[in-house]
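S.K.: Listed below are the residues making up each chain.
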Amino acid sequence: MRGSSGRPPTEHSTTPETAVPSPGEEGAAPPRVQVSSAAEERRRARRSRRYRLDVKWSPYAFVMPFFVFFMAFGLFPLLYTGWASLHRVELTAPTDMEWVGLRNFSRLLEDEFFWNALKNTVTIGLISTVPQLLMALGIAHLLNYRLRGSMFFRVAALTPYATSVAAATLVFVLLFGRDYGMINWALGLVGFDNIDWQNGEWTSQLAVSTIVIWRWTGYNALIYLAAMQAIPKDLYESAALDGASRRQQFIHVTIPSLRPTILFTCVVSTIGATQLFGEPLLFNGGAGATGGADHQFQTLGLYLYEQGWVNLHLGRASAIAWAMFLILLVIGAVNWLLARRLSKSA
Amino acid sequence: MFSAKRAGRQFHGGRITYAVLIVFTAGSLFPLVWTAIAASRNSSRLAQTPPPFWFGGNLFKNLEIAWTDANMGAALLNTTIVAGSIATGTVVFSTLAGFAFAKLRFRFKNLLLVLVIGTMMVPPQLSVVPLYMLIAELSWTDQLQSVILPTLVSAFGVFFMRQYLIEALPTELIEAARVDGANSWRVVWHVVFPAARPAMAVLGMLTFVMAWNDFFWPIIALTQNGSPTVQVALTGLGRGYIPDQSVIMAGALLGTLPLLIAFVVFGKHIVGGIMQGAVKG
Numbered sequence: 001m002r003g004s005s006g007r008p009p010t011e012h013s014t015t016p017e018t019a020v021p022s023p024g025e026e027g028a029a030p031p032r033v034q035v036s037s038a039a040e041e042r043r044r045a046r047r048s049r050r051y052r053l054d055v056k057w058s059p060y061a062f063v064m065p066f067f068v069f070f071m072a073f074g075l076f077p078l079l080y081t082g083w084a085s086l087h088r089v090e091l092t093a094p095t096d097m098e099w100v101g102l103r104n105f106s107r108l109l110e111d112e113f114f115w116n117a118l119k120n121t122v123t124i125g126l127i128s129t130v131p132q133l134l135m136a137l138g139i140a141h142l143l144n145y146r147l148r149g150s151m152f153f154r155v156a157a158l159t160p161y162a163t164s165v166a167a168a169t170l171v172f173v174l175l176f177g178r179d180y181g182m183i184n185w186a187l188g189l190v191g192f193d194n195i196d197w198q199n200g201e202w203t204s205q206l207a208v209s210t211i212v213i214w215r216w217t218g219y220n221a222l223i224y225l226a227a228m229q230a231i232p233k234d235l236y237e238s239a240a241l242d243g244a245s246r247r248q249q250f251i252h253v254t255i256p257s258l259r260p261t262i263l264f265t266c267v268v269s270t271i272g273a274t275q276l277f278g279e280p281l282l283f284n285g286g287a288g289a290t291g292g293a294d295h296q297f298q299t300l301g302l303y304l305y306e307q308g309w310v311n312l313h314l315g316r317a318s319a320i321a322w323a324m325f326l327i328l329l330v331i332g333a334v335n336w337l338l339a340r341r342l343s344k345s346a
Numbered sequence: 001m002f003s004a005k006r007a008g009r010q011f012h013g014g015r016i017t018y019a020v021l022i023v024f025t026a027g028s029l030f031p032l033v034w035t036a037i038a039a040s041r042n043s044s045r046l047a048q049t050p051p052p053f054w055f056g057g058n059l060f061k062n063l064e065i066a067w068t069d070a071n072m073g074a075a076l077l078n079t080t081i082v083a084g085s086i087a088t089g090t091v092v093f094s095t096l097a098g099f100a101f102a103k104l105r106f107r108f109k110n111l112l113l114v115l116v117i118g119t120m121m122v123p124p125q126l127s128v129v130p131l132y133m134l135i136a137e138l139s140w141t142d143q144l145q146s147v148i149l150p151t152l153v154s155a156f157g158v159f160f161m162r163q164y165l166i167e168a169l170p171t172e173l174i175e176a177a178r179v180d181g182a183n184s185w186r187v188v189w190h191v192v193f194p195a196a197r198p199a200m201a202v203l204g205m206l207t208f209v210m211a212w213n214d215f216f217w218p219i220i221a222l223t224q225n226g227s228p229t230v231q232v233a234l235t236g237l238g239r240g241y242i243p244d245q246s247v248i249m250a251g252a253l254l255g256t257l258p259l260l261i262a263f264v265v266f267g268k269h270i271v272g273g274i275m276q277g278a279v280k281g
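From first to last, the protein sequence lines are chains A and B. Last residue of the first sequence: 346 (my numbering), numbering continuous. Last residue of the second sequence: 281 (my numbering), numbering continuous.
So that you can see chain A by itself, here it is in the shape it has in the complex (with noise of 0.2 Å):
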């Protein structure tokens, strides 16, 4: 079957030289043997109709399974959740749903626990994804230099991200610990007095913006590291010709060859930050989705599981989601704005 008959593909090929047309077969096998009977020429031509049908169908089957599941898993959910917030829907009977409009986004905005998670999700991220990006920027330049085992601070770096959020969210509880936590007693050596760190609203915060840190500051100086070693090197060597010092090259060449690397961990982070659920669960201890005795570190992601699976309101958690997915969408609006006029102005 292979190479039985040498067709050039009729698409892809630009001149089929060696290829003599025979009657009713585009691009068919050159008549090297002419011994073609009825059955040779059936056989020919069902090939390559077969071969027609495979270029002209197979890159729908190629890209059907992914289709397939977004369907299925993505694109269907998105918009039930819609139709869902729309509804009173419990738990224990997902299937009775009643009509209520727009009652559970007319609750939400009377919601002090929405207001509140809300804008607990705007501190942490900020509080987060600042400091994250920043320290991400200068250990990327220093990761930069020619250095001496340069590979093992780069896997160091990434060891966190491959610590799960539960694991990480574990070892800080214990270390955030009020009475016996190591940081206390670090902090306590140099004076200071034990600090609640769970029951606290800015030290909770805080302690679970630094797991967040923790764990995705050496993914992003990664991604930075990369963005540096792409930088053309003239760009370097005209800076150093004109007499920039090593700090002047960082500011005027590399902090501006970076802007879309840096646009993009920040859309990511605040994607990121948006979304925080398991640092917060777990940080509670055994006290359950409420983000601390008083809320005092509940995010948008937390009030979501807190309505839908321990209150067990199905419709009031959709409306929640799809009140995630517009903050979103205007945060996306503003970074792109923001995006416009940095290069306007560069």
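By construction, these hints were calculated from the structure, which means they are not laboratory data. Using N, Cα and C, we set each Cβ at its ideal position, and we do this for glycine too. Careful, some of the hints might be misleading.
[To be verified] Estimated spans, in silico, between C-beta atoms of each pair:
#1 A:R259 to B:E167: 21 to 27 Å
#2 A:V334 to B:V23: 32 to 38 Å
#3 B:S139 to A:E201: 40 to 46 Å
#4 B:R107 to A:S106: 40 to 46 Å
#5 B:V23 to A:S106: 48 to 54 Å
#6 A:D96 to B:E175: 54 to 60 Å
#7 A:G188 to B:V23: 20 to 26 Å
#8 B:A47 to A:N311: 32 to 38 Å
#9 A:R43 to B:T223: 58 to 64 Å
#10 A:H252 to B:A19: 21 to 27 Å
#11 B:R186 to A:P232: 38 to 44 Å
#12 B:F106 to A:R259: 32 to 38 Å
#13 B:P170 to A:I251: 39 to 45 Å
Assemble the complex: chain A is given as a structure, and chain B must be docked to it using the hints.
M.R.: Okay, now just chain B, sitting in the frame of chain A:
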């Protein structure tokens, strides 16, 4: 010549560079090392100040309690099945789709590609409620397919493979195989998969790490008493299922160790993969 060489980025790191990097590395590794230290002590030692800084003698006892009482052994097996299936599915389906988007011609190609990229923006929270209803309807609660199937394909994977194959797979190679009479599936098997192998390995590792650590959906779909993944089992530990802190740390250690070992072995490739994905993504 000399000055141009010096002007490039290849400055040697100075002492301060090393000092800062060593501090940063220590900060990255310390919580992990301390997990092991705490797991080797007992809970009364952990409730004393100063906290322990070196290993004690209880490591194997604590690991055993976590392994049997908290079912970490079963959880590790479940997580391996879940992460392995998701990584395999993602790699195969992403390579197929990535190949089609990189090298084949078909109608609606650009539209479909935009759709793929657009799906990366949709947060997982938007789908949990209907997904939960779906698996409840199918009586799939606590069964591993309820966490495998929804994560089996990834838009990032498709995009990653497409970017890789555009350059790594010469179109002439595909044409040559076609001229030899290979149909599309043979082309995939004999030409695309071999050419894509490095990127497939990287994507497989990244997906495995992500699936291993996934938290939000597994904790909704699986329970601690059914067939939990490691992350769900750890949640049970943290909620005072077993109140002994050193056993909790032993569990955390068990859940992290397999990936840490993988990092020691494949660290270079994982780092390379993330950096490669970063430049192209």
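S.K.: Each hint: holds or not?
M.R.: Each hint, compared with the structure:
no.: 1; hint: A:R259 to B:E167: 21 to 27 Å; result: holds, 25 Å
no.: 2; hint: A:V334 to B:V23: 32 to 38 Å; result: holds, 35 Å
no.: 3; hint: B:S139 to A:E201: 40 to 46 Å; result: holds, 43 Å
no.: 4; hint: B:R107 to A:S106: 40 to 46 Å; result: holds, 44 Å
no.: 5; hint: B:V23 to A:S106: 48 to 54 Å; result: holds, 51 Å
no.: 6; hint: A:D96 to B:E175: 54 to 60 Å; result: holds, 59 Å
no.: 7; hint: A:G188 to B:V23: 20 to 26 Å; result: holds, 21 Å
no.: 8; hint: B:A47 to A:N311: 32 to 38 Å; result: holds, 34 Å
no.: 9; hint: A:R43 to B:T223: 58 to 64 Å; result: holds, 60 Å
no.: 10; hint: A:H252 to B:A19: 21 to 27 Å; result: holds, 26 Å
no.: 11; hint: B:R186 to A:P232: 38 to 44 Å; result: holds, 41 Å
no.: 12; hint: B:F106 to A:R259: 32 to 38 Å; result: holds, 35 Å
no.: 13; hint: B:P170 to A:I251: 39 to 45 Å; result: holds, 42 Å
The structure is consistent with each of the numbered hints, conforming to all of them.
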